[in-house]
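Undergrad: Take the sequence shown: its letters are residues 120 to 934, numbered as in this note's numbering.
I should point out that these hints are in silico values taken from the structure, not numbers from a laboratory. Note that the Cβ used here is the ideal one computed from N, Cα and C, for glycine as well.
Calculated lysine to any residue pairs in the SDA-like style (CA-CA distance at most 25 Å, straight line): (1) K627 x N553; (2) K756 x N206; (3) K575 x V516; (4) K575 x Q515; (5) K605 x K624; (6) K756 x S498.
With beta-carbon atoms standing in for the labels, derived distance ranges: (7) S455 x G628: 49 to 59 Å; (8) D557 x P529: 20 to 30 Å; (9) T458 x P654: 25 to 35 Å; (10) P529 x M429: 51 to 61 Å; (11) A564 x D526: 14 to 24 Å; (12) T458 x T887: 43 to 53 Å.
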Amino acid sequence: MFVNVFAVALLQGPSIPSLVAQMTLAEKVSLCHGGTDFSTKAIPRLGIPEYRFTDGPNGVRDQEQIPTTYFPTGISMAATWDPELINRVGVALGQEVKGMGKSVLLGPAVNIDRTPLGGRTFEYESEDPWLNSRICVDYVKGVQSQGVLSCIKHYAVNSIEKERLTVDAQIDERTLREIYLPAFEAAVKEAHVGSVMAAYNKVNGQYCAENTHLMKDILKGEWGFQGFVMSDWGAVHSTVPTALNGLDLEMPGGHVDDYLGRPLLNAVNKGEVPTSQLDEMITRMLTTLKGTEQPDIHGDPHVSTKAHQMLAREVAEKAMVLLKNNNSLLPLDAKSIHTLAVIGPNADVKFGADGGSGSVIAPYEITPLQGLKNYLGSSVQIRYAPGADLQATPDQVVPPSAFQTADGKPGLDAAYYPNVDFKGEPTLKRVDANVNFDWDKVSPAQGFPRQYFSTKWTGFITPPETGTYDLSTKSDDGSRVYIDGKVVVENWGYHGSVSAKGYIKLEKGHRYPVEIDYIQGTGGAEVLFAWKKLPSGRKPWIDEAVRVAKSADKAIVFVGANHDEDTEGSDKSNLSMPDDSDELVSEVLKVRPDAIIVLINGTPVAMPWVDQAHAILEAWYPGMECGNAIADVLFGKANPSGKLPVSFPKRLEDSPAHALGDYPPKGGVLKYDEGVLVGYRWYDAKKIEPLFPFGFGLSYTTFKMSIAQTVVTGPEVAVTVNVANTGRRAGGTVAELYVSELGPKVMRPEKELKAFQKVYLEPGESKTVILHLNKRSFSYYSADSHDWVTDGGEYDLLLGSSSRNIESKASIELK
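Please put together the full structure from these sequences, using the hints given.
TA: Structure (structure tokens):
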């Protein structure tokens with residue numbers, strides 16, 4: 120592999136201060152905003168290379184579409200409760216980043232999962248700050264061990280996608296410190312992360328990219344962060360405040376009029392931004408980046424090795440959470456099955472290429488159906504029924520014959536605006552036959568911009584038959600459909616290619632006014648409008664699924680969600696699974712009570728059929744080895760050992776943000792009124808029973824754990840824990856240690872996770888592990904003293920296999 124001569128020059132040449140001293144003012148400013156969408160600008164005369172970035176966090180998202188390993192997503196990694204395993208993932212990711220000729224992986228994403236509707240919950244990790252911290256520290260250490268940098272994101276309080284570009288997160292200081300910042304703090308102090316990404320949103324009135332308190336006071340001040348801060352793509356809103364308050368690099372860049380482009384140059388010349396501040400910004404960047412290797416290649420097509428792919432499979436297996444297993448239905452016995460019914464909309468679907476910045480182009484992806492075929496071979500006949508109408512949306516694009524313009528022509532009147540606000544006069548008017556465009560990164564017409572535009576199509580739509588219609592759009596970025604003046608399809612926001620739908624009753628031959636709005640920000644540009652008339656009686660696809668289930672020896676139903684719901688750029692509208700999934704599960708369980716339900720999703724879902732089901736496996740989005748990993752777990756080759764990193768509520772209104780009416784935002788403001796009572800802390804405080812609690816997960820074997828000893832040395836506590844496998848299969852469990860203060864002086868959660876250890880045991884084997892607690896484990900943040908406070912007194916140490924299943928307790932007293 121040949122190393123870029125610029126990188127060699129930077130490593131072996133003059134010191135960074137010397138380089139900075141040789142730069143012109145224009146060259147300095149050029150380093151403060153990206154040179155392209157995913158790179159910094161090179162300065163060849165000084166040997167400074169272009170440094171290239173790549174999206175993560177569950178795989179290298181290469182702009183040249185070279186295949187890379189698609190690892191299970193962030194919530195899956197957290198569900199392993201195994202930091203050592205995730206360190207290995209970080210190492211593999213770092214190797215692929217380097218092999219692709221990149222310097223920085225944009226990951227991990229460690230924002231707290233506050234609402235079960237969050238569009239990026241699948242990409243984030245947990246509702247708990249301690250679990251978040253432990254997973255992310257080992258991830259970052261693994262990535263950076265390979266000579267590349269990790270960029271932890273999104274700093275900070277980025278808990279929703281709805282209005283994410285502008286929403287103001289209003290949060291108190293204690294909640295900020297105890298819940299939303301610990302993972303970032305740990306990444307800085309323990310993993311020495313190289314870069315931090317400023318989020319889109321505001322926090323307490325200031326955009327993150329210019330937030331004095333977050334950037335200067337905390338990150339670079341209290342924590343002593345030595346790396347550089349880059350913006351999320353398009354998250355900068357000013358020049359002088361941004362430069363003065365801690366951001367070092369504006370992304371994506373590539374334009375002289377970026378806030379940290381020519382306007383920054385002017386601000387320095389006017390004395391509004393000191394040259395010393397500019398020097399600090401670029402010194403941070405070059406000092407941090409100079410150690411990264413810059414291969415002189417555009418990407419190695421073989422970075423996804425067999426070892427990485429098998430690691431993805433291992434993570435998937437160890438992340439799966441067994442939620443129910445009545446009568447030991449699982450694992451299945453392949454020898455007793457002659458025919459197997461494989462049912463459901465998620466049975467034969469690939470998920471890697473969707474979801475936004477977490478998407479990955481993998482060399483292959485094994486669907487559940489294919490994985491079961493691989494495992495069972497020809498010895499079992501598999502009968503497949505999707506159980507849903509899976510006709511491809513592009514095949515159902517509303518045809519030109521259904522449209523009429525205002526003056527009666529076929530098609531729709533189209534008005535194209537050179538802005539995203541439909542403001543002023545359109546610079547392009549024409550009649551479009553229908554709405555079915557994939558402009559990718561080209562302009563809709565010669566002389567019209569390819570980015571930052573909006574389009575409005577108007578006219579009339581006439582249905583060929585009377586009935587209920589499923590209307591849908593698929594767009595990158597936002598789209599919205601009005602029929603007769605009412606919104607039917609809401610797919611708004613800045614996001615990747617995402618589908619959304621709505622339902623409406625239409626009469627044959629009636630002309631309905633129609634309007635379709637579309638906005639395009641950056642990146643790809645795609646929009647289509649499709650329809651299909653729903654059957655008037657029973658749904659034939661569900662009837663088919665029921666017939667197939669009845670005809671087989673065993674039935675497995677694959678449902679959950681997809682990346683139309685779990686995606687960057689938008690949140691889910693409710694807890695229900697999409698389309699007819701709940702009806703499908705209920706109908707199959709009526710005829711096959713022993714059907715195995717497998718969930719593939721990245722957010723909690725409601726389960727109105729939960730009491731009917733006897734076996735439920737949560738598989739998350741398991742990565743490229745999805746189907747093989749699921750088959751291994753279902754048939755007992757692997758024993759599920761995952762634990763829930765988030766609480767599953769019975770009802771949406773049981774979760775804190777929704778119980779208090781703090782979601783969705785109101786007037787551009789998102790309040791965090793629940794304070795530190797996030798996730799299981801809320802359910803404990805309000806005595807609400809979740810559907811499945813935080814930390815929960817069953818196994819094919821049984822375990823017993825107990826606290827054997829506690830040793831208190833000042834604020835340090837060593838807790839010795841015995842864990843035994845009392846069953847007949849090898850397996851893994853997690854010793855979860857929660858701390859509860861008795862008689863606290865301020866409001867404290869009933870208990871908080873403060874230590875854990877994943878333990879793997881053979882049948883009959885026992886192990887002793889020591890869990891360590893320190894002063895912070897017993898502290899709360901005092902906004903009055905601006906410091907962490909530990910009160911003397913009694914504390915209970917609670918050892919359990921979930922937040923609701925405490926198996927052993929010990930009491931200690933702190934002076």
